[in-house]
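**Student:** Working from the sequences, and respecting the hints, build out all of it.
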Amino acid sequence: MTMMKLLKISALCAALLTVATPQAQTNYPNKPITVVVPYGAGGSADSRSRQLAQKMSVILKQPFVIDNKPGAGGNIGTEFVARSTPDGYTIGMGNFAPMAVNKTLFGNLRYDPETDLIPIILIEKGPLVLVVNPNSPYKTIQDIVTAAKAKPGTLTFSSGGIGGSHQLSAELFMQNAGIQMIHVPYKSGSAGLTDLMGGNVDMMFDQMYSAVPSIRADKLRPIAITSKKRSPLFPNVPSFAELGYPKVEVLNWQGFIAPAGTPKPIIDTLNKAANEALKDPQLRELMLSQGNEIGGGTPADFAALIKSEAAKWSAVVRAGNIKPE
Numbered sequence: 133m134t135m136m137k138l139l140k141i142s143a144l145c146a147a148l149l150t151v152a153t154p155q156a157q158t159n160y161p162n163k164p165i166t167v168v169v170p171y172g173a174g175g176s177a178d179s180r181s182r183q184l185a186q187k188m189s190v191i192l193k194q195p196f197v198i199d200n201k202p203g204a205g206g207n208i209g210t211e212f213v214a215r216s217t218p219d220g221y222t223i224g225m226g227n228f229a230p231m232a233v234n235k236t237l238f239g240n241l242r243y244d245p246e247t248d249l250i251p252i253i254l255i256e257k258g259p260l261v262l263v264v265n266p267n268s269p270y271k272t273i274q275d276i277v278t279a280a281k282a283k284p285g286t287l288t289f290s291s292g293g294i295g296g297s298h299q300l301s302a303e304l305f306m307q308n309a310g311i312q313m314i315h316v317p318y319k320s321g322s323a324g325l326t327d328l329m330g331g332n333v334d335m336m337f338d339q340m341y342s343a344v345p346s347i348r349a350d351k352l353r354p355i356a357i358t359s360k361k362r363s364p365l366f367p368n369v370p371s372f373a374e375l376g377y378p379k380v381e382v383l384n385w386q387g388f389i390a391p392a393g394t395p396k397p398i399i400d401t402l403n404k405a406a407n408e409a410l411k412d413p414q415l416r417e418l419m420l421s422q423g424n425e426i427g428g429g430t431p432a433d434f435a436a437l438i439k440s441e442a443a444k445w446s447a448v449v450r451a452g453n454i455k456p457e
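Sequential numbering from 133 applies to the sequence shown in the working numbering.
Simulated from the structure, these hints should not be mistaken for laboratory data.
Quantities reported herein were computed from a predicted structural model and do not represent experimental measurements.
In this text, a Cβ means the ideal position worked out from N, Cα and C, and glycines have one as well.
Simulated restraints, written as ranges between beta carbons of each label pair: (1) Thr-247 - Leu-375: 38 to 44 Å; (2) Pro-397 - Asp-199: 21 to 27 Å; (3) Ala-392 - Lys-193: 22 to 28 Å; (4) Pro-164 - Arg-348: 35 to 41 Å.
Capping the alpha-carbon separation at 25 Å, the derived lysine-lysine pairs in DSS-like fashion look like this: (5) Lys-193 - Lys-163; (6) Lys-257 - Lys-360; (7) Lys-455 - Lys-235; (8) Lys-163 - Lys-187; (9) Lys-201 - Lys-187; (10) Lys-444 - Lys-235; (11) Lys-404 - Lys-187.
**Tutor:** Structure (structure tokens):
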């Protein structure tokens, strides 16, 4: 074999190795990226996914396509992400329930949040606020605790469904206050809030972005907030911590996730783009105006939060003997 032929064969082998190695990922992304949202259009997860995806699309110079796959408390869409090809072209919105609660709540998930998914970035986290009807006799936490202890199992609270942050916030409060109330689940948080404003239930732990307009319009009375400190939006509303319930801390969070096996360079590319997108002044102002803390950081930061939250809420679910519908 001639020296020329040996050189050609060596060059061909080198080229093949280059294609087969992670170096070939350096041109990522080179086609549209799908973001699976495990909830319906119009909600918080959907709108925030669209807002962030639009900013990331500009940064990465590729379209982002939102694919809503609602159902089963977020499990359907999250499982879809977990079963997708780990090439960076299908990612998802991962949040509180499907990532930290549903494994304990359902017990038979067809995906494992710990092993089938990889965190990309935390987008935001925000507290909930306990609200009552403006005509309610309850004006403080002590009013509620006193009434609940006087007549156990008579006060009611609404939620957007079993196992969500609305119910689990109330469950955490009941476990720490030593009281019992009746859970009234609705098909959505907005439906539960509407019935509260109509005087059909006693109270609700609602997400800030949802409650803020009604509080400002005097359609709801805020009692306490689930963050460690008071919210700048309502500086006169105390936190549960300062009222003697430091363990009643709830932050509803969400972020981007990817299927397990997605190469680290791709995860890093998405993380970098998302961190840059979260610096956008308009997006930051919107998130802060809804009472949320802006996320960001590394995939490891998000992974640590998910692990901590899963441990916390699995204990609450078991202690409350909460079962899915």
